[in-house]
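We have chain P; now place chain B onto it with these hints.
Protein chains in written order, with our numbering: chain P, 1 to 157; chain B, 158 to 632.
For the record, the hints were derived by calculation from the structure and aren't laboratory data. Check each hint, because a few of them may be wrong.
Here are the simulated DSS-like cross-link-like pairs (lysine-lysine), alpha carbons at most 27 Å apart as the crow flies [unchecked claim]: (1) B:Lys283 to P:Lys118; (2) P:Lys36 to B:Lys217; (3) P:Lys86 to B:Lys283; (4) P:Lys43 to B:Lys224; (5) B:Lys307 to P:Lys118; (6) B:Lys523 to B:Lys499; (7) B:Lys594 to B:Lys497; (8) B:Lys179 to P:Lys118; (9) P:Lys35 to B:Lys217; (10) P:Lys86 to B:Lys224; (11) P:Lys86 to B:Lys512; (12) B:Lys542 to P:Lys86; (13) P:Lys148 to B:Lys542; (14) B:Lys224 to P:Lys118; (15) P:Lys148 to B:Lys283; (16) B:Lys224 to P:Lys28; (17) B:Lys497 to B:Lys512; (18) B:Lys224 to P:Lys36; (19) B:Lys539 to P:Lys143; (20) P:Lys86 to B:Lys539; (21) B:Lys217 to P:Lys28; (22) B:Lys224 to P:Lys35; (23) B:Lys594 to P:Lys86; (24) B:Lys523 to P:Lys143; (25) B:Lys606 to B:Lys575; (26) B:Lys299 to P:Lys86.
Anything over 10 Å on all C-beta distances counts as not near chain B; from chain P, calculated [what the hints assert, rightly or not]: (27) Thr50; (28) Arg76; (29) Gly97; (30) Lys100; (31) Cys112; (32) Leu134.
Computed footprint of chain B on chain P, listed as stretches where at least three residues anywhere in the stretch have a Cβ under 8 Å from a Cβ of chain B [claimed, not checked]: (33) 20-32; (34) 60-73; (35) 83-91.
C-beta atoms are modelled at their ideal positions from N, C-alpha and C, and glycine is treated no differently.
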Amino acid sequence: MIVYHGSNILYGPEIYCPSIFNELHRGKDIMTAYKKAQIMLEKLNNFDDTFSLQRALDDAQTTSDNSPFISTSQKRDVARQFATTKNGQGYIYTIEGPEKEFYNFNEIRSSCNLPQHKTFNWMGELGIPFEIKLPFEIVQIEKIIEIKEITELIYQK
Amino acid sequence: MESTLREVFLDSMESIGLNTVKYDHLPFNLRRTNMSYHIYNEISQCINEVNLKDDSFYEKELYHFTKGEIENHYKTLNGCIALVCLGHTNYSKLLLTYLDFPEARWTIKINYLLNSLLSNNENTLKIPSYSEKIEIQSAFIKREFYSDLKDLSYSLLNHKTNVNYPEYLLSLSASKRPISELNISLKDNNKLIEDDMECSEFFYLKTHEYLKTHQYNTFIVWMIRMIHIEKVPFINTITKSIRDVFYELQIHKSPNFWIKELKKERTNILASIFIYNILKQDRADKRLAARFVKAFISDKLNKKQLDALSELYQCNHSANSILKISEFLNDSSNLPISVKVKIDVVSPIFLYCIKNNIVNIYLSEKESLNLISQKNKGGSTKLFKVFKTRFKYNTNVLTSVATVYSEKDEDFINFYPKISILIKMRADFEATYMVRKSVQVNLKNYYIKLFESWVEETTKLENENLHLVSSEDFT
Numbered sequence: 001m002i003v004y005h006g007s008n009i010l011y012g013p014e015i016y017c018p019s020i021f022n023e024l025h026r027g028k029d030i031m032t033a034y035k036k037a038q039i040m041l042e043k044l045n046n047f048d049d050t051f052s053l054q055r056a057l058d059d060a061q062t063t064s065d066n067s068p069f070i071s072t073s074q075k076r077d078v079a080r081q082f083a084t085t086k087n088g089q090g091y092i093y094t095i096e097g098p099e100k101e102f103y104n105f106n107e108i109r110s111s112c113n114l115p116q117h118k119t120f121n122w123m124g125e126l127g128i129p130f131e132i133k134l135p136f137e138i139v140q141i142e143k144i145i146e147i148k149e150i151t152e153l154i155y156q157k
Numbered sequence: 158m159e160s161t162l163r164e165v166f167l168d169s170m171e172s173i174g175l176n177t178v179k180y181d182h183l184p185f186n187l188r189r190t191n192m193s194y195h196i197y198n199e200i201s202q203c204i205n206e207v208n209l210k211d212d213s214f215y216e217k218e219l220y221h222f223t224k225g226e227i228e229n230h231y232k233t234l235n236g237c238i239a240l241v242c243l244g245h246t247n248y249s250k251l252l253l254t255y256l257d258f259p260e261a262r263w264t265i266k267i268n269y270l271l272n273s274l275l276s277n278n279e280n281t282l283k284i285p286s287y288s289e290k291i292e293i294q295s296a297f298i299k300r301e302f303y304s305d306l307k308d309l310s311y312s313l314l315n316h317k318t319n320v321n322y323p324e325y326l327l328s329l330s331a332s333k334r335p336i337s338e339l340n341i342s343l344k345d346n347n348k349l350i351e352d353d354m355e356c357s358e359f360f361y362l363k364t365h366e367y368l369k370t371h372q373y374n375t376f377i378v379w380m381i382r383m384i385h386i387e388k389v390p391f392i393n394t395i396t397k398s399i400r401d402v403f404y405e406l407q408i409h410k411s412p413n414f415w416i417k418e419l420k421k422e423r424t425n426i427l428a429s430i431f432i433y434n435i436l437k438q439d440r441a442d443k444r445l446a447a448r449f450v451k452a453f454i455s456d457k458l459n460k461k462q463l464d465a466l467s468e469l470y471q472c473n474h475s476a477n478s479i480l481k482i483s484e485f486l487n488d489s490s491n492l493p494i495s496v497k498v499k500i501d502v503v504s505p506i507f508l509y510c511i512k513n514n515i516v517n518i519y520l521s522e523k524e525s526l527n528l529i530s531q532k533n534k535g536g537s538t539k540l541f542k543v544f545k546t547r548f549k550y551n552t553n554v555l556t557s558v559a560t561v562y563s564e565k566d567e568d569f570i571n572f573y574p575k576i577s578i579l580i581k582m583r584a585d586f587e588a589t590y591m592v593r594k595s596v597q598v599n600l601k602n603y604y605i606k607l608f609e610s611w612v613e614e615t616t617k618l619e620n621e622n623l624h625l626v627s628s629e630d631f632t
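Okay, chain P solo, but in the shape it has when bound (with noise of 0.2 Å):
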């Protein structure tokens, strides 16, 4: 499957989750930032407790600090919009993988009986738990320089 990743920075060759990645930066080592990421999995992986399921949801779609994921969609326009936001420009990142092997919000709200997240739902946003690593496999990166808008005149006075 196909899915779009946006990102207003240009990775080195390592990409880590938001979670790790911001972790990093303030100067934890890479097993600590890790262990704090896979305790945030397994709190989205314990489907018996669909109140705690919940909460870890909604944190984790809402800031990107609490999310042991690489969020992705499969609508590119999506990943253009996290792209872009701060400054005009940044980078798609196009990422393959197997299906099966994303965490699906949406899905895992609906199969759990949980109701949507209505500021969230609309991106269809899929997770690659940690780092991209195989079977993930970026296959292009895009740098966006300029939205340009392309217009067909149809009325004129």
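Okay, now just chain B, sitting in the frame of chain P:
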């Protein structure tokens, strides 16, 4: 659109730990006031901790904040979203600041809400692009942030409640404070929100008591007795609470009926302004305002005079309205004495509008500079250009106010020197910092200093006046 907005509101309320269900028994306005009070209580500590005054989010990344700081910011943001949804549109300035917070996901709700305030039809949930953010920030700078923004609470909250509120209050335990008389202290600004709630409750219950038994005249007599200068700052709360009662008891008496009832008693012009604000159908019911002006001030006014006084009845504090009223007051020397006396009585309302306008000017200009000083590359030059035009216009409004003079109103007399000082300081500021095309470094801080010096100067002036009074007492 309304359902999405409701979701945005409910999501924010939930995020700060407040459940809206517990407010369902309250009438519309009391519900709004109570919710606002609790939201403010919930976020006040976070606001202090996040120190928004010095923060420029544009250059920061999420990892520059600790987890605790992020949580505080998120709570503050949600509090502001909920307050804006409840009609406190002045909090929109903080939302504009949060548009630059380094968490794109947070901008989805902000963008939707700000576009709803601006009545943009093509409003969807999305992350705004960089240029869309600049556009929206620029729109708010032009429109002074909140003076004519939509009050979304009417479409968000159900107007009706299934609970009989007066009965509900009676059924509460004895520990509930009895509201016998209203005691409002205007000295303590921090108490203002509590006073607002108290005012709201008091006027609701008393009005309900009179109107459920159709004692219309008793209600009017009571209003005339209750409404005097100290109640002017609470005009919004009082009139909205009474409107709740009108709605609940299905009182549909025509404006003529109320005008006649008011005229039966010794006229209290201030009370007539309050009654107008209860009866008006929307924020700008100009025709009704004109009817009230004709009935209680004079029916021999020309169109311009009628327009200006209608603005006053509507308590409009937009720059345009202030200009109209100032012009009218400056040209009022030819009016008959009987009309002039009445205009003197309504001067506290004008002062109330001016003060609101100045607060609005300060907050909107400070916030504009906050956005501009965030080095938004091309964006900051564009925003600065808009700001300069807005700044000049605001100074013109203040200049027009400074030429108005009322001999009768002591508050007014005391207020004049303060406005003159402010105009002088603004002129100096403009000549020093705003001549260049590009934005001067630290411009926001210089601007804050301008207002701080103004407050300092005016306090000095107040103390000198106090000193004069006490010297006179001794001689």
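Verification of the supplied hints:
1. B:Lys283 to P:Lys118: holds (12 Å)
2. P:Lys36 to B:Lys217: holds (23 Å)
3. P:Lys86 to B:Lys283: holds (14 Å)
4. P:Lys43 to B:Lys224: Holds. P:Lys43 to B:Lys224 sits at ~18 Å (cutoff 27 Å).
5. B:Lys307 to P:Lys118: holds (23 Å)
6. B:Lys523 to B:Lys499: Outside the cut-off at roughly 37 Å; violated.
7. B:Lys594 to B:Lys497: violated (47 Å)
8. B:Lys179 to P:Lys118: Roughly 22 Å separates the two Cα atoms, so the pair holds.
9. P:Lys35 to B:Lys217: OK: P:Lys35 and B:Lys217 at ~26 Å, within 27 Å.
10. P:Lys86 to B:Lys224: holds (21 Å)
11. P:Lys86 to B:Lys512: The given pair, whose Cα atoms are some 37 Å apart, is violated under the 27 Å limit.
12. B:Lys542 to P:Lys86: Status holds; Cα separation ~22 Å.
13. P:Lys148 to B:Lys542: It holds: about 25 Å lies between the C-alpha atoms, which stays within 27 Å.
14. B:Lys224 to P:Lys118: Holds: B:Lys224 and P:Lys118 sit about 25 Å apart, inside 27 Å.
15. P:Lys148 to B:Lys283: Holds, because 18 Å separates the two Cα atoms, which is no more than 27 Å.
16. B:Lys224 to P:Lys28: Within the cut-off at roughly 13 Å; holds.
17. B:Lys497 to B:Lys512: holds (22 Å)
18. B:Lys224 to P:Lys36: holds (12 Å)
19. B:Lys539 to P:Lys143: holds (26 Å)
20. P:Lys86 to B:Lys539: holds (17 Å)
21. B:Lys217 to P:Lys28: holds (19 Å)
22. B:Lys224 to P:Lys35: holds (16 Å)
23. B:Lys594 to P:Lys86: Between B:Lys594 and P:Lys86 the Cα gap is close to 24 Å, so the pair holds against 27 Å.
24. B:Lys523 to P:Lys143: Since the Cα atoms of B:Lys523 and P:Lys143 sit roughly 36 Å apart, the hinted pair is violated (cutoff 27 Å).
25. B:Lys606 to B:Lys575: Given that 27 Å is the threshold and the Cα spacing comes to 16 Å, the pair holds.
26. B:Lys299 to P:Lys86: At roughly 23 Å apart (the allowed maximum being 27 Å), P:Lys86 and B:Lys299 satisfy the hint.
27. Thr50: holds (16 Å)
28. Arg76: For P:Arg76, whose nearest Cβ neighbour in chain B is about 14 Å away, the distance exceeds 10 Å, so it holds.
29. Gly97: It holds; P:Gly97 is separated from chain B by about 22 Å at its closest Cβ, greater than 10 Å.
30. Lys100: holds (26 Å)
31. Cys112: holds (19 Å)
32. Leu134: For P:Leu134, whose nearest Cβ neighbour in chain B is about 27 Å away, the distance exceeds 10 Å, so it holds.
33. 20-32: holds (count 5)
34. 60-73: Since 5 is at least three, the answer is holds.
35. 83-91: Answer holds; 5 residues pass the 8 Å Cβ test.
Taken one by one, the earlier hints fail for this structure at numbers 6, 7, 11, 24, listed in ascending order.
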